[in-house]
Structures are given as C-alpha cells and as structure tokens.
Amino acid sequence: MEFMLNNKPVSFDIVDSAGSDHLETMPAPDTTILKMLRKRGLVGTKEGCASGDCGACTVMIGEANNDGVLEYRAINACISLVGSLANKHLVTVEGLAKKTTENEQQLHPVQRAMVDCHGSQCGFCTPGFVMSLAAVAEQASGRKAQLELDEARMKVLDAISGNLCRCTGYRPIIEAGVSVLTGSDINAVGDTVDDEVSNEILRRPHPISSEAEAAGEANYYRPRSLAALDALVGRLGNKAIVAGCTDFALEITQRWRAYQNLIDVTRVPELLAMTEADGKLTIGAAVTYTDIEQQFKDLSPGFVHLLSRLGSRQIRNCGTLGGNIGTASPIADTPPVLLAWDADVVIRSCAPEAIATERHIALSDFYLDYRKTRLQAHQYISEIRIPTQSIHRFHRFYKHSKRLEDDISSVMGAFCFDGNEGQLIHARVAFGGMAAIPLRVPIVEALLVAEKLSEDLVNQACRILTETLTPMTDVRASAAFRADMASEMLSRALFEYLGQSLPRVDELKDFGLRGVDDV
Amino acid sequence: MMSNANPESRLNQQHESAVKHVTGQAEYIDDLPEWPNQLHVATGKSIHAHARLKKLSLDKVRSFPGVVDVITYADIPGDGDVGAVYKGDPLLANGVVEFVGQPIFAVAAISLEIAQRSVDAAVIEYEVLEATITPQDAMTKTLFVLPEKRFVQGDARAAIEQAPHRIQGEQYVRGQEHFYLEGQICHCMPTEDRGVHIISSSQHPTEVQKLVAKVLAIEFNQVQVEVRRMGGGFGGKESQAAALACTAAIFARRNQRPVKFRMPRQDDMVQTGKRHDFWNQYEVGFDDDGLIHGVTMDLAAMCGYSPDLSEGIVDRAMFHADNSYFYENVSITGFRCKTNTVSNTAFRGFGGPKGMMAAEAMIEDIARKTGKDPLDVRKKNLYREGRDRTPYGQIVKQHVLGRLVGQLEDTSDYRSRRDDVVSYNRVAANNGTHFRKGLALTPVKFGISFTANHLNQAGALVHVYTDGSIHLNHGGTEMGQGLYTKVAQIAARAMGVSLDRIQVSATRTDKVPNTSPTAASSGTDLNGMAVLDAVNQIRFRLTKFCSEHFGCEQSEVSISDDIVSVKGEPYAFAEIVKLAYMSRVQLSAAGFYKTPKISFDFGTQSGQPFFYFANGAAATEVIVDIRTGEYRITQVDILHDVGESLNPALDIGQIEGGYIQGMGWLTTEELKWDEQGHLISNSPANYKIPTAYDVPPIFNVSLYDEANTEDTIYRSKAVGEPPLMLGISAWCALRDACASIADYKLSPTMNAPATSEEVYRCIREIQNAQGAECALAQGEENAKT
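Keeping their order, the protein sequence lines are chains A and B. Sequential numbering from 5 applies to the first sequence in this note's numbering. Sequential numbering from 64 applies to the second sequence in this note's numbering.
No lab work stands behind these hints: they were computed from the structure. Do not take every clue at face value.
Stated by the list, open to error - Computed cross-link-like contacts, DSS-like style, restricted to lysine-lysine with a CA-CA straight-line distance of at most 27 Å:
1) K630(B) <-> K212(B)
2) K273(B) <-> K574(B)
3) K102(A) <-> K301(A)
4) K108(B) <-> K83(B)
5) K284(A) <-> K301(A)
6) K660(B) <-> K43(A)
7) K159(A) <-> K660(B)
8) K12(A) <-> K83(B)
9) K83(B) <-> K103(A)
10) K102(A) <-> K212(B)
11) K123(B) <-> K108(B)
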C-alpha cells in the first residue's frame with residue numbers, strides 16, 4: 005500500500021521489509037493513523053481522547069477528485085485506520101511549515117495567525133486546531149473574492165467544531181481563523197504535491213478488482229467493486245465491515261479489541277454514489293455526511309442544518325449514512341429523519357457460494373431491538389433510498405442535546421406532513437432517544453390525519469405521544485424531560501406547519517444572533 | 064526570534080512556546096522517544112463503590128502474554144499511602160475499596176494495549192458494603208473526612224430575626240471535570256543510585272518527589288522530578304499526578320526498566336479527582352433597600368472517600384461565601400462530607416467558586432423580594448470604607464469593587480440593555496412568543512495567597528553565562544498559563560536585557576528544591592519575586608564590579624537594553640559579563656521570596672489570610688427558549704483587575720479562558736454519578752465542555768487600570784483563578800431570564816449546571832408558582848367579594 009505523508013511517498017509492504025530502504029511492514033489492520041504517526045516519531049499529532057471527541061489528533065487527508073484535483077478534509081487520526089490511507093495524501097502539523105534554512109521555517113498562514121492572536125496556551129490541542137483551520141483555508145484557497153467577516157466566522161466555527169480547547173476560551177482561535185479566511189495569504193498545500201511520484205500514488209487509475217493487503221492472517225481489504233465486496237462479506241461476515249470508522253474504531257481505542265480482518269467499503273463505486281431516478285433519491289451507504297450536506301443544500305436546508313449538529317466537521321468528513329443506520333443506535337441522528345421520509349434500505353445478501361441478492365426493506369421494519377437489526381451476518385446495507393416526494397413535503401427535524409454542537413441527541417424528533425388547509429393527509433412522526441430503537445409513532449400519525457388540525461388535536465396528539473413512548477433516564481436527560489421534549493417537538497412542528505414561526509436557538513444566525521428581534 | 068524594539072510589543076509578548084505549539088514541536092511526555100525495554104502501566108479497578116476485597120487472584124494477569132510485572136498493596140516497598148496532606152489515599156486498595164474505579168492492582172506490560180487488556184483477567188471477589196454517594200446522604204449519616212469549621216462575626220441569628228425581610232434558599236452546585244487536553248502521565252527512569260528520575264505532568268513536582276521517595280523508602284535526594292510543560296492542569300495535576308509517578312517508580316525499581324504510565328481518557332475521568340459538588344443552604348435577613356443585615360450559610364462539600372486537599376478547598380469556599388459583599392452579622396459553616404466517590408481535589412478557584420455561588424444566588428433572591436434590579440442590590444452591599452470587615456476578620460483595604468463595577472456598568476451599557484431586556488420580555492410575554500432574554504452583572508473578589516501559610520514561598524536559580532546569555536529556573540510549572548513567559552519578562556526587565564537572552568528550562572527538583580505547587584494563582588507572584596531577587600543579586604555584583612573596575616560610583620553604572628552604561632560610556636552586556644567572569648565575579652544566584660504580612664489563626668479567626676484581593680466583574684446576556692430551556696449566551700463584557708499587567712495579552716487569555724471554563728461548569732458540564740456510584744459522565748461523549756460555538760459572539764474584555772497597592776511583582780495581580788468566577792454571571796443571566804416569567808417577582812431554585820433541562824425545570828417551577836400565586840390572589844379576590 006502506498007500513500008503520501010507530508011509530501012513524501014510511503015510504502016507499506018505486507019512482508020517484512022528487512023533489507024529494503026523504502027518498504028516498511030504494513031501495520032496490523034486495526035492500527036489507527038494516530039498510532040502509526042506517533043510510532044514514526046511524528047508526535048505533533050496528539051491523543052486527547054482516542055474517541056474522536058476532542059480533535060487534538062486532527063490531520064488533513066487529500067484525495068484526488070474525478071478531475072485529479074486533490075481535495076483536502078480534516079479527520080480525526082485517532083479513530084481512522086491506516087489502511088484507509090491508500091493512495092491518499094496525509095498531512096500532519098509537521099507538514100505545514102516550510103523549512104527555509106537549517107534553522108528557519110516559514111510558518112503556514114494559519115500557524116502565523118495562531119501565534120499572532122495568542123491562540124495557544126498549553127498547546128496540547130493546538131496542532132489539531134491548526135490542522136482544522138488549515139483544511140478550511142485549503143478549501144477556501146481557490147476562491148476569487150474574499151470572504152465577508154460573518155461568513156468567515158461561520159466557516160471557522162464549522163471547521164473547529166470538533167476541536168476542544170480548555171485554556172483559551174476559543175476567542176483568539178476564532179480570530180486567527182477569521183483573519184486567515186478574510187486575508188489574502190492563503191496557500192494551498194495541494195499545489196506542492198505535483199511531482200511524478202505523487203501523481204503515480206495519488207492520481208493513477210485503479211483496477212476495478214478487489215485489492216487487499218492479502219497475506220498472512222491479518223488483512224485490510226479495500227474492495228473496488230460490489231462483486232468483490234460481496235465475496236468478502238460472504239467469507240468474513242458483516243462484522244468486518246468498516247467505512248468512516250467513527251463508531252467502530254472505539255472498539256479498538258476504548259475497549260482494546262483487536263481485529264484480524266477488516267473490509268473497507270469506501271472504495272466501492274456503488275456505495276459512494278448519489279443518484280435520482282424513478283422518484284427516489286438513492287444514497288450509497290458509504291456516502292459521508294459532508295457529501296450529503298452538499299447534495300441536500302437546496303433540497304432540504306433543514307436536513308443540512310441538522311447535519312451541522314451531527315458530530316463535528318471531522319466526524320462528518322468520515323461518518324457515513326450506512327454506518328449511522330447499521331450501528332442501530334437508538335440515539336443516532338439520521339434514522340428518525342429517514343423514517344419520517346419513508347426511506348428504504350437496500351440490503352445485499354451474499355452467502356458464501358451463492359449469488360448475491362438484493363432486497364429493499366422499509367427502514368421502519370429494519371430495527372428489531374436495542375442495537376439489533378434484521379441484518380444477518382452475510383448481509384450488508386448497500387444503499388438508502390428516499391422518495392423524492394417525501395423530501396419535498398413539509399418537514400422539521402429537531403435535535404435536543406446538552407451541548408448545541410458535537411453532542412449526541414437526548415431526543416431527536418423528525419416530522420413530515422402533507423395536507424390541505426389544515427387537514428393533514430400524510431403525517432410521519434419519528435423519534436430517536438425515546439425507546440430502544442429509532443421509531444415512528446403510528447398511533448399519533450393516525451390521529452393527526454383523522455381530523456382537521458386544531459389546538460385541541462395538537463394537545464391530544466402530544467398527550468398520546470407521551471403515553472406511548474418509553475424513554476429512559478441516563479446521563480443525557482431524564483425520562484420525564486425527554487417526554488416533555490418529544491411532545492414539545494411535535495407541537496412545534498405542527499404549529500410551524502400551521503404557519504407559526506418557532507425558530508430554535510440553534511437556528512438563530514450566529515453573529516449578533518440576528519433574527520431574534522423579529523419574533 | 065522576537066523583536067524587542069517596541070516596549071509595547073514586549074509587554075504583549077507571545078507565549079514562549081507559541082511557535083513550538085503551532086508547529087507540533089513542543090514536547091509533551093508522551094512525545095518522548097520510547098525505550099526498547101520500556102514498560103506501560105494499567106490498573107485493575109474496583110467495580111463497587113464500597114466493598115471488602117474477599118479474594119484477589121491475579122495469576123491469569125501475570126501469565127497474560129506481554130505482562131512483565133503485577134503489584135498489589137503488599138508489594139509497595141515503603142509507605143503505601145499517598146495522601147497529599149492527610150493520610151487516606153492508598154496507592155492501591157488495601158483490603159477495602161471506597162469508590163468505583165479505585166485501583167486494586169497495577170500491571171506493567173510491553174505495550175499499553177496489553178496492559179489494558181490484561182487487567183480483565185483478574186478474578187476479584189467483593190463483599191459489598193453500604194455506600195454513600197451524595198453529600199446530603201453523608202450529612203444525614205454524619206460522615207465526614209475532616210471536622211467542620213465555622214466563621215462567625217456579630218450575631219447572625221439575631222440580625223436575621225430582627226431584619227424586615229428573611230429568605231431561606233438552597234442550591235446544589237455540581238463539580239467539574241478538569242478535562243485538561245493532555246491526560247495524566249509520567250515517565251520514570253531508574254537511576255544508578257537506586258533512585259529514580261521522573262518526568263511528570265504535575266503542578267507540584269516537589270510533592271511527587273516526596274511521595275515517590277516515601278513509597279520507595281528512599282531519601283528525597285534520590286528522586287529527581289522534572290516538568291517542562293503540562294497540556295493543561297487547572298488544579299487537576301496538583302495532587303493527582305503523584306499516584307501515577309509512585310506506581311511507575313515501583314515498577315521501574317522492581318524491573319530496572321523505564322516505565323511510562325499514561326492514563327487513557329476514560330481512566331483519567333474515572334480515577335482522578337474533580338471539583339467538589341456542593342450543597343449550599345443559606346438564610347439572610349435584609350431591609351427594604353436590599354441591605355443585608357445577617358447571613359447564615361451551610362456549605363456541604365462532596366469530598367469523596369478521602370481528605371486529599373478538601374480541608375483547604377472547603378476553607379476557601381468559606382473564605383469566598385461573601386464574594387464581594389459585606390456581611391455585618393454572619394455565620395458560615397463548612398462541612399467536608401465523606402462519600403464513596405473518587406476523592407475530589409483542586410480545581411481553578413479551589414472551593415472559592417462554590418462559596419460565591421451561594422452569595423450570588425442569595426443576592427438575586429433579595430432583589431426579587433425587594434423588586435430591585437439585582438445590580439442595585441449588589442452595589443448596595445459591596446465592600447467599601449467602613450463596611451470592610453470580612454467574615455474571617457480581614458479588612459478589605461484596596462476598594463476596587465465599587466469603581467470597577469461602576470465602570471463596567473457604563474462600558475457594557477448595562478442600564479439601557481437592562482431596559483431593553485425587560486421590555487423585550489414583557490412584549491414576548493404579551494405576544495406569547497417563546498424567547499426570553501436575561502442579563503446579569505456580577506462581581507468577583509478573590510483572595511490571593513495560599514491559605515496554608517508555609518506554601519507562600521518560592522525559589523529561583525539564575526545563571527549568566529559568559530556569552531551574556533541567561534539561564535533561568537524557578538519552582539513554578541508551566542501549564543499553558545504563560546508563567547515561563549512572564550517570569551522571563553521579569554528577568555529581562557530586572558536585568559535590563561532583551562528577552563531573547565533568557566532561556567527558561569524545565570522545572571526540576573534538583574535545581575530549585577522544596578517548591579510549592581503552582582496553584583492558588585500564585586505562580587507569577589511568588590516565582591517572579593524569587594527570580595527578581597536572584598537577578599538583583601547578579602545585577603548588584605555586576606554593578607559593583609563595574610564601579611571597581613572602571614573606578615566610578617555604583618550610581619554611575621546602569622544596565623538597560625542590553626547595554627551597560629558606565630559613566631555614560633556604553634558597553635555590550637556580554638562584554639561586561641565576560642570581563643566580570645575573568646575578574647572572578649559570581650554570575651549565578653539563587654533567589655528566594657516569601658509573601659509578607661500574611662498569617663491566619665483559624666481558632667481565633669484572627670490575622671490576614673490573604674496578601675491582597677484580585678477583582679473583576681462580568682455582564683452576560685442570554686436568550687432562552689422557554690419551550691425547551693435551550694439557550695445561547697449572546698454577549699459578555701468583562702472588566703478585570705490584574706493590577707499593573709505584566710503581559711496584557713496573556714492576562715486577557717487567562718480571563719477569556721477562565722470565563723469560558725466557568726461558564727462551562729455552570730451550563731453544559733454535568734458531572735453525574737448513578738445510585739451505585741458509577742461516574743456516568745465518564746467520557747467527552749457524555750461530559751460536554753464548551754466548544755467554540757458556545758462562545759458568545761460578542762466577547763469584550765478589558766483590564767481595569769489600577770496598580771496593586773501591595774508591593775507585588777511590578778504591582779501586578781494574580782490572574783489564574785479569579786476570572787473563572789466571572790462565569791457566574793452566565794448562570795445569573797439564565798436565572799434572570801427565568802425570573803422574567805413571573806415579571807421578576809420570583810426567583811427559581813436553580814441548581815448548577817443550568818443545563819437546558821435545568822433551565823426548563825426552572826421555567827416550569829416559576830410558571831407553576833406564578834399559577835399558584837394567581838390562584839391564591841384570585842381566591843383572596845373572590846373571598847373579598
């Protein structure tokens with residue numbers, strides 16, 4: 005396997021590299037990028053939590069897009085696996101500053117701004133912030149016009165949403181980021197990666213066959229076709245599947261589990277596609293939240309806004325829709341949305357020696373019990389299909405969490421309505437955090453279409469809702485509060501449907517919180 | 064390197080490690096190269112809050128592939144108790160476990176993963192004992208780690224009873240996880256003299272040295288402890304770092320191999336102490352003007368299973384239960400409750416914030432009762448001439464508060480914003496809309512000095528080399544606060560040389576001995592003065608040498624801007640240094656400082672515990688969704704008193720960071736144990752410190768322009784802890800928004816943190832109370848007719 009590390013090629017071989025200058029032994033499949041980096045002496049990238057919550061390990065990953073242009077994204081190195089790096093460019097904090105002479109270095113504009121704005125105190129989180137800001141600067145480097153202050157601030161807040169700092173109070177870090185994005189001194193890391201070696205590693209066309217570090221007992225597989233993936237899942241079972249790893253990697257870093265075989269599905273074209281046909285929007289299971297945000301920008305600003313509160317930018321750059329469904333967490337953010345939109349999941353079955361088959365099941369039939377789904381060992385989710393009609397209906401997605409940003413839902417409510425003049429003909433009411441699985445509440449849905457909407461009907465629906473659901477008390481919220489919030493969300497969605505404006509605090513425009521005085 | 068041409072830029076000198084931070088070149092302990100034979104440590108932990116160990120079988124742990132050594136309490140060569148001040152903290156459980164997560168045995172293995180995996184192979188049988196998890200429960204059972212203490216001035220009971228109005232209140236204020244980004248860690252190398260060299264992430268290297276020596280049963284002089292920098296401390300590495308070093312040292316000695324002990328985040332959150340939960344109760348008597356006549360307060364702290372630093376922490380809560388207000392008749396009692404939870408420890412403010420929370424809640428209650436703006440009640444009760452005796456007898460001398468609060472009231476435009484907030488809320492109430500605004504301006508007065516008197520001392524070591532470069536050591540540790548930067552600035556200023564001559568290096572117990580912890584905001588005050596003493600000695604010797612060598616008066620010699628001027632003739636500093644060396648002048652000095660004026664006798668409540676007070680005030684505005692309790696903090700204005708600032712940029716950094724940390728403590732950071740004593744907020748996935756998004760978009764910070772009247776280092780004031788308590792204004796603003804629901808006539812019992820769930824509960828409480836009051840009023844009305 006080959007990749008670029010701070011502009012230099014690295015080759016991992018599957019056999020012992022003794023006697024070779026540039027080949028190194030491939031680390032075990034469950035090795036995180038962070039661990040690999042620190043073993044190599046690149047210790048600028050820090051471990052703060054090993055769970056993707058603090059961002060001290062943030063690095064940039066560059067990947068050639070269809071035009072061969074390298075696009076860079078920030079990710080958490082602590083929960084990303086080395087095998088995912090094949091043919092990508094990994095940039096760490098050591099790779100930003102340019103050495104000018106033996107003792108001098110020219111700081112990257114983000115580094116310069118962080119120093120000038122007093123953006124570091126203890127310094128431990130600093131490399132992570134620098135990388136997050138460098139990634140957003142990189143993305144902004146191609147643009148013509150300078151960013152307005154407010155827009156720059158929003159971009160900076162988004163970029164550092166997964167970086168915790170316990171010393172500074174963030175104000176100088178935000179200022180540093182804004183000063184770079186509103187300035188003219190943005191340089192592109194990608195521009196420097198252009199020689200033959202890097203072209204060979206980063207931009208060469210790939211064979212459409214299975215590819216794996218396939219020797220010995222430990223393997224990190226990177227299938228490049230659905231057929232190759234089917235064969236692997238048939239042989240190894242779906243427990244070996246990894247995509248963004250944002251949940252899976254915690255088994256390794258928090259529960260100290262070891263894995264011999266992993267199947268990385270993020271190079272299978274079918275799982276990366278987003279297509280619209282036959283009245284359905286089909287999203288590949290390995291499509292990341294960041295890519296979904298792009299797709300839904302005009303389609304559903306409400307969904308995009310919800311995604312802005314799902315994890316952090318680093319998590320959204322890795323985490324996938326299929327993963328969010330497949331882990332079957334009762335507090336995952338997207339399943340209630342997909343339930344409200346009547347989405348299907350496409351399940352591929354690939355028992356060994358058999359021809360792979362595909363079937364669609366409604367997401368509402370997918371979940372069985374706490375962390376249990378209909379998926380059998382030789383099955384996996386390949387696609388999620390949403391009726392486009394659903395997306396065009398009135399919908400509201402509400403998330404309640406202790407912290408507004410980068411926090412897990414205590415209650416997640418999703419609502420989709422359609423009707424004429426106050427009479428609903430279509431109602432979907434779905435929740436996360438209110439039972440052992442994400443679920444729809446058919447009894448309430450039926451009530452809502454039974455008669456014309458009125459304040460009485462709303463109250464009645466809320467009452468039945470709280471009688472029906474069985475939330476629990478845990479570290480995030482009490483059962484009683486969850487019940488109140490679920491009911492509040494339902495009534496808010498209905499009143500908004502009826503034309504009232506009930507924005508939530510996270511919907512207020514950030515800078516100066518404009519819009520507040522309009523209410 | 065940095066330019067020093069402009070004195071202003073020198074004042075705002077960047078952090079000495081800033082460039083190293085942003086390039087990843089700043090080295091932390093986990094970044095040190097690993098030795099091929101290095102061992103890694105993990106501990107086997109109790110799953111019960113209180114139990115007797117019936118059986119401990121570690122055979123399968125010992126035989127786990129890759130495990131090299133396993134130890135229990137019996138294997139500790141010396142004293143197995145690592146209590147910081149009082150006994151009570153066994154390094155490994157000795158027959159009984161007293162909290163979930165308590166280390167029972169420790170493993171050293173060839174990798175961290177193996178060490179962590181191996182501990183699950185232990186077979187442990189427990190006899191479960193009754194556990195106490197809350198301070199309320201401990202109060203009922205009268206379980207304390209140390210006896211209660213009380214401050215009394217005047218006759219509080221009589222004053223309350225005779226006052227026109229009386230209020231009783233209570234609040235539960237939860238603790239706080241430090242969440243330093245660098246978790247607890249140390250590295251230990253056995254030395255050839257049967258001792259150990261330890262590199263620790265510790266705020267208190269001397270205590271690490273002392274405890275490691277005791278655990279190994281060796282002399283203090285066989286242990287060297289070194290701290291270059293910490294990735295954050297906040298009090299969490301004052302006493303807590305020592306246990307890791309002691310465990311690592313035992314393995315290093317037994318195996319004669321280097322040992323690293325790094326706690327993964329979850330172990331760190333479960334196994335190390337935090338800020339105490341406090342259950343505060345108060346009763347106050349006051350008049351129509353809101354003037355306080357008498358106060359009683361009971362402050363009950365959840366100390367955990369052992370004393371650790373809880374004596375001083377609850378003392379400091381008591382010392383700050385007045386915050387900025389004069390209590391003529393007062394009785395304050397502090398209780399140190401014993402609970403079967405991890406032993407709570409120092410955290411920025413050291414109990415002070417908990418006492419202040421009681422004071423601020425009480426002030427607001429008075430305001431609601433008297434119908435006054437809470438700011439007017441605050442101003443009415445501020446310390447001033449003649450009303451200046453604290454509950455512990457010390458007289459407040461430098462009266463900063465009145466002027467400072469008045470100035471912030473103007474610059475934050477408090478009065479007109481108050482009007483806007485009130486009218487916004489009235490319109491919202493009439494229209495039935497769901498947003499309410501809140502605004503609060505709260506002061507902070509924080510006593511500076513360790514209340515353990517002997518800790519108010521510091522040492523320094525300064526070397527001038529013959530090329531004119533200067534090497535500097537002192538007893539303080541760098542945890543991000545910029546201590547090394549400030550001390551280097553002090554040395555440069557005192558010597559009259561440029562900052563780039565000064566090299567500050569790691570704090571080491573073999574360079575400056577018997578140091579105090581870098582705590583109590585004292586780092587610069589103490590170590591800056593010790594360095595000044597050392598520099599002054601060398602400067603005096605150079606001056607004396609010049610006068611002798613060049614044949615002039617000492618007054619004709621001066622050093623500034625790297626130039627030694629002798630009778631008006633300029634010489635390069637390095638040239639004079641070299642000349643002095645050739646003439647056998649000593650170019651090294653040890654400096655020392657002890658804080659003057661302070662002494663306090665708890666028994667007679669006489670003396671002066673604090674050298675001076677640091678002050679500040681913050682005005683915070685919030686917007687709350689009353690349907691959900693969700694909110695945003697929209698604006699904060701801060702004016703803070705750092706005396707003559709040594710480095711305004713660093714001071715503002717401390718103020719901003721302190722405010723946000725205090726805001727986090729009182730808003731989203733919710734420490735929670737379940738009924739069995741498991742910490743359920745045990746990871747960053749469920750314990751939420753603020754992110755950048757939580758930072759108020761309008762965030763104005765200014766320094767109050769007045770020198771310290773006490774003779775501190777260049778008349779500056781300590782800045783580490785006091786700004787944390789500015790965050791109380793955020794909590795008060797949320798409570799203010801809730802109070803608006805009953806048109807500011809009622810105040811909800813708001814516990815902390817004010818999560819959206821707690822704010823929602825308060826809103827319902829107020830709505831219900833208002834409903835009840837309306838019903839009552841209606842009933843009275845009906846009765847009349």
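Taking only the CA atoms, is the gap from K630(B) to K212(B) under or equal to 27 Å?
violated (62 Å)
Quickly compare the C-alpha distance for K273(B) and K574(B) to 27 Å and report which way the hint goes.
At roughly 15 Å apart (the allowed maximum being 27 Å), K574(B) and K273(B) satisfy the hint.
Holds or violated: K660(B) and K43(A), Cα atoms, limit 27 Å.
violated (53 Å)
Assess, step by step, whether the Cα of K159(A) is no farther than 27 Å from the Cα of K660(B), and give holds or violated.
Given that 27 Å is the threshold and the Cα spacing comes to 53 Å, the pair is violated.
Starting from K284(A), check that the Cα of K301(A) is at most 27 Å away, please.
holds (17 Å)
Are K102(A) and K301(A) close enough, with their CA atoms no more than 27 Å apart?
violated (37 Å)
Run the distance test for K108(B) versus K83(B): straight-line Cα separation, threshold 27 Å.
violated (37 Å)
Holds or violated: K12(A) to K83(B), with C-alpha atoms at most 27 Å apart:
Distance of about 23 Å is within 27 Å: holds.
Holds or violated: K102(A) with K212(B), Cα cutoff 27 Å?
violated (60 Å)
Hint check: K123(B) vs K108(B), CA-CA at most 27 Å. Holds or violated?
Answer holds: K123(B) to K108(B) is near 16 Å, not above 27 Å.
Does K103(A) lie within 27 Å of K83(B) when you go C-alpha to C-alpha?
holds (14 Å)
Hints 1, 3, 4, 6, 7 and 10 from the list above are not met by this structure, while the remaining hints are.
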